[in-house]
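Sequence order for the protein chains is A and B.
For the first sequence, the working numbering gives the first residue as 1, with consecutive numbering after it.
For the second sequence, the working numbering gives the first residue as 1, with consecutive numbering after it.
Hints listed in this document are in silico derivations from the structure and should not be mistaken for laboratory results.
Incorrect hints may appear among the rest.
[Unchecked claim] Straight-line Cα separation of at most 25 angstroms, DMTMM-like style, residue types lysine to aspartate or glutamate; simulated pairs:
1. A:38 x A:220
2. B:100 x A:45
3. A:38 x A:51
4. B:100 x A:214
5. B:486 x B:413
6. B:20 x A:45
7. B:100 x B:509
8. B:486 x B:341
9. A:38 x B:509
10. A:146 x A:64
11. B:409 x B:501
12. A:146 x A:167
13. B:100 x A:51
14. B:20 x A:51
15. B:20 x B:509
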Amino acid sequence: MSDGYPQAPSVGLPGRVSIQAPGNPHDEQSSAHPHHPKLQHHFDDMGQQAEASTLGMWVFLVTEIMFFGGLFLAYLVYRTQNPMAFQEASAHLSWKLGAFNTAVLIFSSLTMALAVRSAQTSESRGTQVFWLVTTMILGATFLGVKVIEYSEKFAHNNVPGPNFVWDGQYPAGAEIFYSLYFCMTGLHALHMVIGLGIMTVIAIMAWRRQFNTEYFTPVEITGLYWHFVDIVWIFLFPLLYLIGRHYGGH
Amino acid sequence: MDTLNYINNGHGLASWLLTKDHKRIALLYLVSITFFFFLGGLFAFMIRLELLTPAGDVLTAENYNKMFTMHGVVMVFFFLIPSIPAVLGNFLIPIMIGAKDLAFPRLNLISWYIYVLGGIFTLVAALSGGVDTGWTFYTPYSTAAANSHVITAALGVFITGFSSILTGLNFIVTIHRMRAPGLTWFRLPLFVWAHYATSLVMILGTPVIAITVLLVAAERVLHMGIFDPALGGDPVLFQHLFWFYSHPAVYIMILPAMGVISEIVQAFARKNVFGYSFIAFSSLAIAIIGFLVWGHHIFVAGQSVYAGMLFSIISYIVAVPSAIKVFNWTATIYRGSISLDSPMLYAFGFLGLFTIGGLTGLFLAAMGLDIHMHDTYFVVAHFHYIMVGGAIMGYLGGLHYWWPKITGKLYSEPAAKLAAGLVFIGFNLTFFPQFLVGYLGMPRRYHMYPPEFQVFNVMSTLGATILSVGYLLPMFYFVHSIFRGKPSPADPWGAKGLEWEVPSPPPTENFAVTPIVTHGTHQYAPSKEVGVV
Numbered sequence: 001m002s003d004g005y006p007q008a009p010s011v012g013l014p015g016r017v018s019i020q021a022p023g024n025p026h027d028e029q030s031s032a033h034p035h036h037p038k039l040q041h042h043f044d045d046m047g048q049q050a051e052a053s054t055l056g057m058w059v060f061l062v063t064e065i066m067f068f069g070g071l072f073l074a075y076l077v078y079r080t081q082n083p084m085a086f087q088e089a090s091a092h093l094s095w096k097l098g099a100f101n102t103a104v105l106i107f108s109s110l111t112m113a114l115a116v117r118s119a120q121t122s123e124s125r126g127t128q129v130f131w132l133v134t135t136m137i138l139g140a141t142f143l144g145v146k147v148i149e150y151s152e153k154f155a156h157n158n159v160p161g162p163n164f165v166w167d168g169q170y171p172a173g174a175e176i177f178y179s180l181y182f183c184m185t186g187l188h189a190l191h192m193v194i195g196l197g198i199m200t201v202i203a204i205m206a207w208r209r210q211f212n213t214e215y216f217t218p219v220e221i222t223g224l225y226w227h228f229v230d231i232v233w234i235f236l237f238p239l240l241y242l243i244g245r246h247y248g249g250h
Numbered sequence: 001m002d003t004l005n006y007i008n009n010g011h012g013l014a015s016w017l018l019t020k021d022h023k024r025i026a027l028l029y030l031v032s033i034t035f036f037f038f039l040g041g042l043f044a045f046m047i048r049l050e051l052l053t054p055a056g057d058v059l060t061a062e063n064y065n066k067m068f069t070m071h072g073v074v075m076v077f078f079f080l081i082p083s084i085p086a087v088l089g090n091f092l093i094p095i096m097i098g099a100k101d102l103a104f105p106r107l108n109l110i111s112w113y114i115y116v117l118g119g120i121f122t123l124v125a126a127l128s129g130g131v132d133t134g135w136t137f138y139t140p141y142s143t144a145a146a147n148s149h150v151i152t153a154a155l156g157v158f159i160t161g162f163s164s165i166l167t168g169l170n171f172i173v174t175i176h177r178m179r180a181p182g183l184t185w186f187r188l189p190l191f192v193w194a195h196y197a198t199s200l201v202m203i204l205g206t207p208v209i210a211i212t213v214l215l216v217a218a219e220r221v222l223h224m225g226i227f228d229p230a231l232g233g234d235p236v237l238f239q240h241l242f243w244f245y246s247h248p249a250v251y252i253m254i255l256p257a258m259g260v261i262s263e264i265v266q267a268f269a270r271k272n273v274f275g276y277s278f279i280a281f282s283s284l285a286i287a288i289i290g291f292l293v294w295g296h297h298i299f300v301a302g303q304s305v306y307a308g309m310l311f312s313i314i315s316y317i318v319a320v321p322s323a324i325k326v327f328n329w330t331a332t333i334y335r336g337s338i339s340l341d342s343p344m345l346y347a348f349g350f351l352g353l354f355t356i357g358g359l360t361g362l363f364l365a366a367m368g369l370d371i372h373m374h375d376t377y378f379v380v381a382h383f384h385y386i387m388v389g390g391a392i393m394g395y396l397g398g399l400h401y402w403w404p405k406i407t408g409k410l411y412s413e414p415a416a417k418l419a420a421g422l423v424f425i426g427f428n429l430t431f432f433p434q435f436l437v438g439y440l441g442m443p444r445r446y447h448m449y450p451p452e453f454q455v456f457n458v459m460s461t462l463g464a465t466i467l468s469v470g471y472l473l474p475m476f477y478f479v480h481s482i483f484r485g486k487p488s489p490a491d492p493w494g495a496k497g498l499e500w501e502v503p504s505p506p507p508t509e510n511f512a513v514t515p516i517v518t519h520g521t522h523q524y525a526p527s528k529e530v531g532v533v
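If we strip away everything but chain A, and leave its shape as in the complex, we get (with noise of 0.2 angstroms):
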């Protein structure tokens, strides 16, 4: 908001501050508008305040960003150092099981961003946690394929630690790939389950209709949270599940 504030006219001695008295235009602006129920303290007016929310979220997904670019980093690393071991490891991941789960997050975006859009417009609370709900119902299939997923490399002792077993050629190198595989797509579902658990708050809150074109920022910067852990798993899946097809594997 404060980048959109006319510039103020250059009246007054130099170096003076002024604190100007009661009944400045700005002042009078903002008391002409109720003030809204959602309005915090210290803030003007609902524009500053959703401006605050929206860039206090891209910034916070900048530090997701240099959180998992970490792992990305130890990724490329070790995966120069051992490509023909991730090969073969990756090649034991079900590539199917991924896509499948790729599809699913990307259609979640999708819903999520018709759930923020049906906030900014006004509708009825139905639609609202309707798309919200669907939401989640994708959210929770994709951790139900990872679950399942999971549960098959522990079934076959593929889970980096002192009983890892591979009976392929590269068990080293396979293992740090499975050690990087548990650290990524873990970190990520600890992010889908946070994000699932922010939904639900979200849902309650529109289901007491607190959302509309004045007031839905909460959707909003939940949505943009969503699509952030969406995309980490677009650059996941690949680097994970499709590095290996020409090596053969399920």
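Chain B: place on chain A using the hints.
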């Protein structure tokens, strides 16, 4: 008779522990950070006590390792990184930009609780036997060999990192979105610019150390092979990831101090700062270039020589914006009407010590010379000149400068001058001999040393004793001022800036009416507006 201000607006423990007022949260940080400062100082004192004699007579080698590890962990993560941003930045940024609070007051309080939680983990690690890996947690020692409380301490660092991330996030959004009408970017105080640059480092660097520490924990607990060469991992990757954060972390410590010095120098030379936009942009330059120099920590760790050359050159380049600041402050003081109040004494101390610390950093950035000095006391002396001579001098200077604003009370100026003198003398006596003994070849992190190095170490320990007196003194006159100090007027120094236009201490809402800013906030004399935005 007292007017309502943020201190007397609400009483009782709950009104403090559940507050969302940035000024009260700053005081919560002040108390907890002071605790960790003296705890870290205690560990340092044990180190100096051991090194008084060449033989290892006070501590065993293991306990000595734990002492310098806990000293580093506590001082870096629980004092230096949060010190100026969380205390002074928290208190001042909203006031300096004419806002009622930070953009996310509740998040600000949560940040403090996260900091405390991380601190508790570290305290538990210290009390249950300590950590001996060094504050750097180098693998594979930290994941495979060390049998101390690595996980507890590492989790403490991980948790408190989020406090830092959220504080940086809060500052960035606040500075973008909460400025008063007319307060354009180039009218902002340089303190705010410095904190903006610091916040960038906080949000870009801290997540990387978080994931690194998490991977160390995964390797140690779940025996996943990530950094351990026995499991196919690469320990140098850990060093890259670690220093990608931990070198910029030095700028998290020094940039806010630079912001403080910019304010003090203007106020006590009574002049507009020389080269405002150069100082503002040099903060950003340090924040950005600072991310590209981490490789100078691993010149001898098996990094490619060509990478090393590149890191060496960039390390030289990052010194340029720091030098710009030093020259501009000097030019600001030149022909100013200088008053030697205690904050200015700290600022002078900062200028000299930071310059020495910065120039010796160039010695270490030179690859060939670094081979000789790597892991010697020369390195220890260098970074203490930056972190203690720079960051703590800035912190103390800022605390003295804004104390009347924060508490509404004036402290004893003669006592403050004495403390500033003791800190300066004690600091130099502690750390200057370490340059010499390091150059002569005394390695760091040993509890014993050859007898010919004793004279330097005795000087160092003597200096540390004087330094600790210098650090303890403010505790007494600051606390004394709260109960017995004379009330401070709104602007006891005759300084400029929005924070000096509100009462001391400020009211809860900071401003009764949102100020409208028509000129740069720090104009000590008429001058043309800097920059056009």
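Structure-based check of all given hints:
1. A:38 x A:220: 15 angstroms, holds
2. B:100 x A:45: 13 angstroms, holds
3. A:38 x A:51: Judged against 25 angstroms, a Cα distance of about 14 angstroms means the pair holds.
4. B:100 x A:214: The hint holds at about 23 angstroms.
5. B:486 x B:413: Satisfied, since the Cα-Cα distance of roughly 12 angstroms is no more than 25 angstroms.
6. B:20 x A:45: Within the cut-off at roughly 19 angstroms; holds.
7. B:100 x B:509: Measuring from Cα to Cα gives roughly 5 angstroms; hence the hint holds.
8. B:486 x B:341: 17 angstroms, holds
9. A:38 x B:509: Distance ~19 angstroms between residue 38 of chain A and residue 509 of chain B Cα, so the pair holds.
10. A:146 x A:64: 21 angstroms, holds
11. B:409 x B:501: Satisfied, since the Cα-Cα distance of roughly 16 angstroms is no more than 25 angstroms.
12. A:146 x A:167: Within the cut-off at roughly 23 angstroms; holds.
13. B:100 x A:51: 17 angstroms, holds
14. B:20 x A:51: 20 angstroms, holds
15. B:20 x B:509: Measuring from Cα to Cα gives roughly 11 angstroms; hence the hint holds.
Violated hints: none; the structure is consistent with every hint.
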